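**Student:** Using the hints, put the two chains back together into the complex; each one sits in its own frame.
Chains A and B are the protein sequences, given in the same order.
Quick note on numbering: the first sequence equals residues 1 to 281 in our numbering.
Quick note on numbering: the second sequence equals residues 1001 to 1321 in our numbering.
Simulated from the structure, these hints should not be mistaken for laboratory data.
Keep in mind it's a predicted model, so treat the numbers as computed, not measured.
Worth double-checking, as some hints may not be accurate.
[Stated by the list, open to error] One side of the interface only, derived from the structure: several residues of chain B facing chain A at Cβ under 8 Å:
(1) G1062
(2) A1064
(3) G1070
(4) I1077
(5) Y1105
(6) L1273
(7) Q1275
(8) H1276
(9) D1288
Backbone N, C-alpha and C fix where the C-beta goes; we use that ideal spot for every residue, glycine too.
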Amino acid sequence: MPNIKELTDLTTQVRRDIIRMVHKVNSGHPGGSLGCAEFFVSLYQELMERKDGFDMDGIGEDLFFLSNGHISPVYYSVLARSGYFPVEELNTFRLINTRLQGHPTTHEGLPGIRIASGSLGQGMSVALGAAQAKKLNNDDHLVYSLHGDGELQEGQNWEAIMYASAKKVDNLISTIDLNQQQIDGSTDDVLPMGSLRAKFEAFGWTVIDIEKGNDLESIIKGMKEAKSLTGKGKPVCVLLHTVMGNGIDFMMHTHAWHGKAPNDEQLNEGLSQNPETLGDY
Amino acid sequence: MGIIMKTYTYTEKKDTRSGFGAGLAELGRTNPNVVALCADLIGSLKMDEFIKENPERFFQIGIAEANMIGIAAGLTIGGKIPFTGTFANFSTGRVYDQIRQSVAYSGKNVKICASHAGLTLGEDGATHQILEDIGLMKMLPGMVVINPCDYNQTKAATIAIADYDGPVYLRFGRPSVPIFTPADQKFEIGKAIKFTEGTDVTIVATGHLVWEALEASKALHEAGISAEVINIHTIKPLDDKAILESVAKTGCIVTAEEHNHLGGLGESVARVLAQHRPTPQEFVATNDTFGESGTPAQLMDKYGLNSDAIQNAVKKVMKRK
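In isolation and in its complexed conformation, chain B is listed as follows (with noise of 0.2 Å):
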């Protein structure tokens, strides 16, 4: 008796970053304490409609990552709630004993949100194409780490991360992706979504991937293999349960994220397996390696990060049950 797998579909594409647009705009509108920093990015964050409507409460930092950091970090003290915004590389690595010292060890409460995060800005390379960050922001103490999968999990996180008080990692991206969450949805800081029932394999995935896996489930499905997909959009911190739960089932899991496999989502999924139900894992992830020039769908077939990729590490890892 076959299972009937729920399918999803979408009308439109858009890029993450511009979920975070909108998000940024509807609190400026809702939360008056809320104010925004940019480091020279304001077309590439689309910020402008934020600005635009509370120009008293954005802060134009210009190319000076360093600075914007600690600037957020002062005007929490006072009561505001800072929106950073600039390329995922600018706001992790280049910044990074920033965020420690004044930030995480100071408690404050920052959302850096960082687009352009991985492979997938294409064509401006290596210098530009963070695929450390997720491991970089979720080793300090206390930062809650959160990469959505699309346009409408990207603004509803937004709006989400105003209400939590602590420092919190948004990271999105540049390509348009498949819209396929609701627009209405209710964002819940570590919180895993289901969105495939299934009892082959357990398939985990975090920002655009997301689609990647939703996609593969469909042709291993069509292959006779059952896949549970699950949107881990907070990998710190991680829903544990979530995922006991499904490898309990399956028996085996594939982690997928545009990110190293080094420090990723892969890697916390790991610990928590190793821990507590030691189950067969493959990772689709980059292998310690730098990015390159090409467009984002190049990029992702020549790294390894698609749907077809994604069958494949299941296929392997179900033969290792």
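Bound-form chain A, shown alone (with noise of 0.2 Å):
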């Protein structure tokens, strides 16, 4: 049974890197991170197998891939805090010289990290041939990617789920962070893109929704049923329905902190709200 008061202590702790890494360089993307803070945390402490150290292969071991690159302030938080790198390094986020890009690379060797996103639609090709990989070294683990929802309106998203499911690629979970925003507004006003369920599932794919994306419970037992459904011959998409900007309450239900930094006293009264808990880097 996983260690839920552990689990949200760590939660807490990433909220306040992630906005003490936007605040700090004034740029960045909290908005889609603070919405995501529950599911990383959860996917490396509890969902993902991983090998000790970082190699670029991954072979034995369970391999995850961000598609919608901007949300690196809480990847960059949780791979430290998963032990991947100092998180002392979390102060570079940014800055010239740095590891931490503003979106995730793997030019500057930041281990962790076994492509480049940000350009978005692209992740999913990518887990594909990953996934398509493990198939050939007869390598059981899985391959857990991420993607935005408004990152669907990319077309390339289409065909890699085309032939995710032609080809049989069932070791694979691709989940959505269905939080209905983007830049320009939500996902309505700006491209309505309908039932994504009845989407994924008329292109082949078994779809389960997390309806409460940002509880830990909930998302642990969802992606656990999610892992319980690979192997039958059909790529597995989570819907994980999230509150963009979560657990800070002037950031929550609006696009506004898609790609904004707090200032001084923004960042004061969302630290209020998320006490610090396994130390600030």
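**Tutor:** Structure, rendered in structure tokens:
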């Protein structure tokens, strides 16, 4: 059984990391990062089978690909706090000569990152390739990927979604961060996508919903169910219903904090809502 | 005293894409990590033999080139060496951002293999005749760009790039062109090949224009002009040394390629010369234009990409010495 108290403390600390990182450089993407904090903590602490250390090929362990690379703050925080690199390095986010570039990259050799992302819509194809390499290597570990809901407006996703079921890539769990927000407004305002469940099902995927996508227990339970559905001839899609900006009240339920940093006052307000648990970097 | 000129002949013509197919088939037998991907053009890319012998290592992607590039990038994670196959147009311009982020910036060991490059795919016309692909690909940091000259060189290049760890763009074509390089050659990435020694002019050519350059050098020899023909099969990294050594002797240069003069081999050569030894240069290339339907020979003639065009460029550049 997961220790929810420990995971909750970690999530709170990750939220602090996120807003401190973007505040320091007055840039970055706090909204989507906060909305996925519980998911990342669950994935790296409870769900993925991970080897010690890091190598690019990742044979014999589960892999994760972040397609919506702009939520790098949550990715970096959880990677650091899962032991991939020193947490102090979070201090260098977006600064010159950093390994923690604005969007994740392999280019600077940051452990934990296996592909660059930022230009949207490419991650599912990469995850498919990695999943098929696992099959060729007789490696029965899983590949996880995360995508924004707005990101699904990029056409390459639908090439990948069609391919995944046609080729029975059933060692892949692709999660959609269903926060219904994008830069210019709600997804319904910008480009309504209808029922994503119906779309993925029509493309031959097994789909599950995690309605409480910011609740650790619900995420762990839902993702374990997703895991149980792998290896059955179909790729698995998880629709993760999240709230952008979750955990900081004035950032929630709006697209306003997609790519905006808090000022000093807002930072302090956000931090006071998330008291220090494991220690700031 | 006339220089004895080395001459080249051929007994057979073959398409360079078949050289790719033969090289890929050999890799299938010798390198278990090599995998192949295709976007619904198996026959055009001559990938049949590899697929027949290694069905589990072949991925039919369908008409979805962006997905193909991403899947190829993903396959490298796990130690595979993916070779993607489609037309040059769909291998580059159509998927530029996918190559830029998921392959080049991510440093992935993907071999982007592109057939039907340039005008000589012929009757299909300008939608398929990309003349900008060398420029697009050479601008990507870390991307190796190779454009072999005949069947044997294409086969050797295909085999060689599997041993190089990093992204490569391999460009070849549809028309049958003379086979004049040895079947047993060793292909060295980035190493120019001097086909003839000369003293009056350097002709640097890539792709099947190397044969046209050799034809031109024969005619020029009869007219009393001694041309040094150099095959640049690797446009990036460019063999600066071979070019500079040759122009130190000849004092002028003609570059020849089936590509736009903007962004092609000629511009790469011009950069080297401008930095190290400013030298008169003429460009045999297309002049910032799209192509059109026609037979390969008609198109090469109309767009000035043959032996006659090279000879004219030589005469022009020699007057500028």
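**Student:** Taking the hints in turn, state whether each one holds.
**Tutor:** Hint check results:
1. A least Cβ separation of about 7 Å between B/G1062 and chain A falls short of the 8 Å threshold, and the interface hint therefore holds.
2. At about 4 Å, the closest approach between the beta carbon of B/A1064 and any beta carbon in chain A falls short of 8 Å, and the interface hint on this residue holds.
3. For B/G1070, the shortest C-beta to C-beta distance to chain A is roughly 2 Å, which falls under 8 Å, so the interface hint holds.
4. Because the beta carbon of B/I1077 sits about 5 Å from the nearest beta carbon in chain A, less than 8 Å, this interface hint is met.
5. The beta carbon of B/Y1105 is positioned within 8 Å of a beta carbon in chain A (closest approach about 5 Å), and the interface hint is therefore held.
6. With a cut of 8 Å, the hint placing B/L1273 at the interface with chain A is violated, because the nearest CB-to-CB distance is about 32 Å.
7. Given hint, B/Q1275 at the interface with chain A, is violated; its Cβ is 27 Å from that chain's nearest Cβ, farther than 8 Å.
8. For B/H1276, the interface hint is violated, the least distance from its beta-carbon to any beta-carbon of chain A being 30 Å, above 8 Å.
9. A least Cβ separation of about 28 Å between B/D1288 and chain A goes past the 8 Å threshold, and the interface hint is therefore violated.
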